[in-house]
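Trainee: Chain residues, written in single-letter form:
Number of protein chains: 2
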Amino acid sequence: MKLVDLYKDINSYLDKEIELKGWIRNHRKQANFGFIDFSDGTCFKHLQIVYTNDLADFNNIQSLNYGSAIKVRGNLVKSEGSGQDYEIKALEITLEGDCSPEYPLQPKRHTREYLREIAYLRPRTNLFQAVFRVRSVAAHAIHTYFQDRNYLYVHTPLITTTDCEGSDQMFKITTFDMNNIPKVDGEVDYKKDLFGKKAYVTGTGQLHGEAFAMAFNNIYTFGPTFRTENSNTKTHANEFWMIEPEIAFCDLEGLMDIEEEMLKFVVQYVLDRCNDELEFLDQFVEKGLLEKLNKLVNSKFTRITHHEVIDILKKADIKWEFIPDYDSDIAKEHEKYITEYFNGPVFITDWPKDIKAWYMKLNSDNKTVAAVDLEVPGAGELMGGSQREEDYDKLINRCKELNVDTEPVDWFINLRKYGGCVHSGFGMGFERLLIYLTGVENIRDVIPFPRTPKSCDY
Amino acid sequence: MKLVDLYKDINSYLDKEIELKGWIRNHRKQANFGFIDFSDGTCFKHLQIVYTNDLADFNNIQSLNYGSAIKVRGNLVKSEGSGQDYEIKALEITLEGDCSPEYPLQPKRHTREYLREIAYLRPRTNLFQAVFRVRSVAAHAIHTYFQDRNYLYVHTPLITTTDCEGSDQMFKITTFDMNNIPKVDGEVDYKKDLFGKKAYVTGTGQLHGEAFAMAFNNIYTFGPTFRTENSNTKTHANEFWMIEPEIAFCDLEGLMDIEEEMLKFVVQYVLDRCNDELEFLDQFVEKGLLEKLNKLVNSKFTRITHHEVIDILKKADIKWEFIPDYDSDIAKEHEKYITEYFNGPVFITDWPKDIKAWYMKLNSDNKTVAAVDLEVPGAGELMGGSQREEDYDKLINRCKELNVDTEPVDWFINLRKYGGCVHSGFGMGFERLLIYLTGVENIRDVIPFPRTPKSCDY
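Line order of the protein sequences matches chains U and P.
Residues 1 to 458 in this note's numbering are what the first sequence spells out, letter by letter.
Residues 459 to 916 in this note's numbering are what the second sequence spells out, letter by letter.
Note that these hints are calculated values from the structure, not bench results.
Backbone N, C-alpha and C define an ideal beta-carbon position, used for all residues, glycine too.
Please note that a few of the clues may not be correct.
What the hints assert, rightly or not - Lysine to any residue pairs mimicking SDA-like chemistry, simulated, CA-CA at most 25 Å apart:
hint	chain 1	residue 1	chain 2	residue 2
1	P	K655	P	R607
2	U	K198	P	Q627
3	U	K454	P	H485
As the list claims (entries may be wrong) - These stretches of chain P come out as covered by chain U in the derived footprint (C-beta under 8 Å, 3 or more residues):
hint	stretch
4	470-484
5	730-740
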């Protein structure tokens with residue numbers, strides 16, 4: 001059986017014989033007996049296996065290496081030792097797969113930097129058992145939230161020939177032999193490439209998502225995304241996952257309702273299912289993590305305009321590194337102050353149009369757009385969204401103002417001519433959510449096999 | 459309110475006033491009244507709106523274009539007309555977004571080829587409302603099946619520097635200016651690229667999935683996958699989605715149990731939730747679709763070796779185009795015959811080692827590997843899996859035999875040295891499942907925005 005099932009109702013197995021398969025996470029040997037710290041990976045909890053020299057192959061068992069895969073048959077008993085309530089008194093322990101003594105993951109403290117170097121083994125550590133279980137459960141929380149509310153899950157394409165995000169920010173993708181690229185008149189002859197055009201992998205599914213929202217009303221995407229940023233910070237990776245919901249007949253207020261409800265749902269879902277993992281993370285990674293998460297699900301999210309935020313920042317008795325400015329973005333120090341000021345998450349709305357994207361709805365003041373960023377204590381900007389410009393002429397004007405080449409996105413703009421309506425959407429970087437949920441600071445430690453500049457191993 | 463909620467308990471809304479927002483899917487006009495075929499995309503069912511010249515803006519309403527977004531306020535009444543049980547008697551109809559008379563999706567029959575050309579509008583048609591709803595529900599069925607059974611969802615990386623699949627089958631990915639690629643000694647200087655190495659987007663998450671199965675016991679991936687095949691068939695696309703579960707302490711028999719249970723679960727899940735969609739597809743796309751799906755969930759899956767299959771094929775009184783051969787793969791005609799022979803799905807196991815992958819477990823006969831293909835009536839090969847070679851030395855030998863360069867996958871092979879155990883996994887192409895579930899024949903029609911050779915629009 002599996003540990004996850006055993007722990008669901010462990011009392012009912014007391015004094016019964018059970019069989020388990022898993023791995024030796026530690027092995028302490030005494031003259032006439034031994035203790036195996038056993039884990040099968042199905043839950044965060046381990047189980048202690050006790051064996052004695054009553055067993056015929058006692059010597060073989062004592063020689064079992066840390067890290068080995070074993071099969072254990074034994075009786076579940078109340079433990080007399082400290083540190084656990086139950087243990088297995090072994091009747092038989094069989095080696096299923098040996099572990100070399102050169103195992104790079106010896107049972108001692110390792111730095112996270114070292115663990116990144118052995119990314120194929122680090123999921124076996126307590127830290128990454130916790131982090132990647134939370135990742136999996138949080139992913140399902142997101143699917144469950146949207147599916148329960150009848151959103152359509154759309155797999156938007158990753159390969160694209162549209163470079164409206166700016167081709168510098170996108171990976172080029174090709175089937176050419178890179179050493180021998182066909183050229184015509186000195187330029188790459190893309191006609192000979194698989195798609196017959198210059199192609200990229202994309203950084204957003206939003207445009208395609210909007211096309212589906214105009215057919216299915218409310219949709220979401222959840223898939224990998226790529227950025228070429230040559231940036232070695234704790235929060236940047238070149239491959240990460242994004243969630244991008246898009247909702248027809250929904251304005252900015254409605255969008256904030258959804259963002260708030262979704263975030264609380266996901267946090268509560270993880271709180272309900274990952275208690276062991278979160279307690280570990282609370283103890284060893286971010287003190288107060290559980291309190292932070294429990295507070296969030298019960299907090300009231302403030303809604304305030306960018307202009308009002310700047311007012312508050314200017315009145316604050318603080319020497320800012322970056323001077324708050326009505327026409328500019330806010331800095332990290334401002335985000336932090338504002339969430340502390342309101343003692344909870346803050347939706348900041350109605351941003352200066354010049355610092356936001358071309359497809360966002362222009363407000364009647366002609367100066368701001370109906371955009372919203374969600375600032376969360378301890379996470380910074382967690383979601384970014386907007387009401388979309390549904391007026392064809394206004395959107396064309398914005399494209400002209402911002403020098404957006406409309407030709408590759410004419411289909412997207414045409415959605416406004418064919419029964420387009422008020423609609424809104426947002427994006428959430430999944431890893432940013434995970435950093436918040438786990439307290440782990442570095443994006444490299446919430447992605448199974450992270451891709452960052454000069455680092456694409458495994 | 460939304461149609462999906464209205465139809466959940468429509469009787470309770472009878473003679474009540476409701477408000478709906480959605481689109482005009484058809485508009486029939488008479489002198490003193492009119493009928494609007496209304497859909498809001500939240501469910502497959504439409505609703506008829508009746509309006510009369512009692513309404514003050516009758517003329518405006520009559521001028522509303524097909525395709526427009528509208529808001530309707532009215533009373534739900536029993537319909538006196540044929541074709542529907544209920545309808546809305548409108549009190550007010552407001553235009554939310556006009557639709558140009560040049561709308562490329564006029565209310566008439568369109569070929570699927572034409573609809574592919576307007577991929578951003580086709581989700582509004584009945585066919586694609588059905589197909590993409592099934593796609594979304596089936597995706598959640600898969601997540602639900604695995605999450606309910608405690609599988610860990612792993613986001614394996616798409617960018618890779620490992621070319622063990624054969625670099626010809628993988629897209630290269632780069633940040634270089636393609637017109638000006640830095641070279642050293644006449645060769646591409648990959649040190650200057652973002653990752654400092656030659657990089658690809660991958661066609662499988664299996665290797666990374668195995669690393670996680672050795673930590674979490676049972677895992678699954680579900681994400682996009684890429685192939686460069688220059689193949690214009692009904693079943694090939696260059697971007698598609700795959701599901702790849704991997705299970706520790708699981709042999710080939712256990713794997714087949716999981717495959718069978720999962721497939722039945724997913725089909726039943728879709729049957730339970732997409733009745734309107736499947737009835738439509740049964741009527742207009744594949745006659746007998748519902749019967750086929752209902753039969754599957756109640757069928758017994760046969761388990762038979764490749765050798766036995768060849769025996770049966772050789773004995774069959776059929777003039778094969780491809781002669782059945784104990785050392786070769788089976789052809790489509792054979793697959794069809796075998797599923798008809800057993801009148802249900804068939805697991806074919808123990809394939810000749812020379813036609814299967816290097817990581818599959820070598821059987822004791824030294825001739826076959828513990829691989830399994832699932833053949834499903836009306837779908838062909840739906841899943842492919844195997845027990846993996848857990849013996850380090852045997853795996854190295856197989857790599858040598860098959861000229862697999864082990865250097866880039868040494869970490870994967872080393873999993874055998876560090877507590878590796880019996881384990882198995884399979885892959886299922888999500889679009890192949892959808893073709894089976896919907897009866898739609900062409901992969902281009904089950905992918906929101908398909909990417910195929912010379913075709914990467916939108």
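Trainee: Taking the hints in turn, state whether each one holds.
Mentor: We went through each hint and held it up to the structure:
Between the alpha carbons of P:K655 and P:R607 the distance comes to roughly 39 Å, so the proposed pair goes past 25 Å and is violated. For a cut-off of 25 Å, the pair hint linking U:K198 to P:Q627 stands: about 18 Å separates their Cα positions. Our distance criterion of 25 Å between C-alpha atoms is broken by U:K454 and P:H485, whose separation comes to about 59 Å. Using a Cβ-Cβ cut-off of 8 Å, 4 residues of the stretch 470-484 of chain P lie near chain U, which meets the minimum of three, so the contact claim holds.
Under a criterion of three residues with beta carbons nearer than 8 Å to beta carbons of chain U, the stated coverage of the stretch 730-740 of chain P fails, only 0 such residues being counted.
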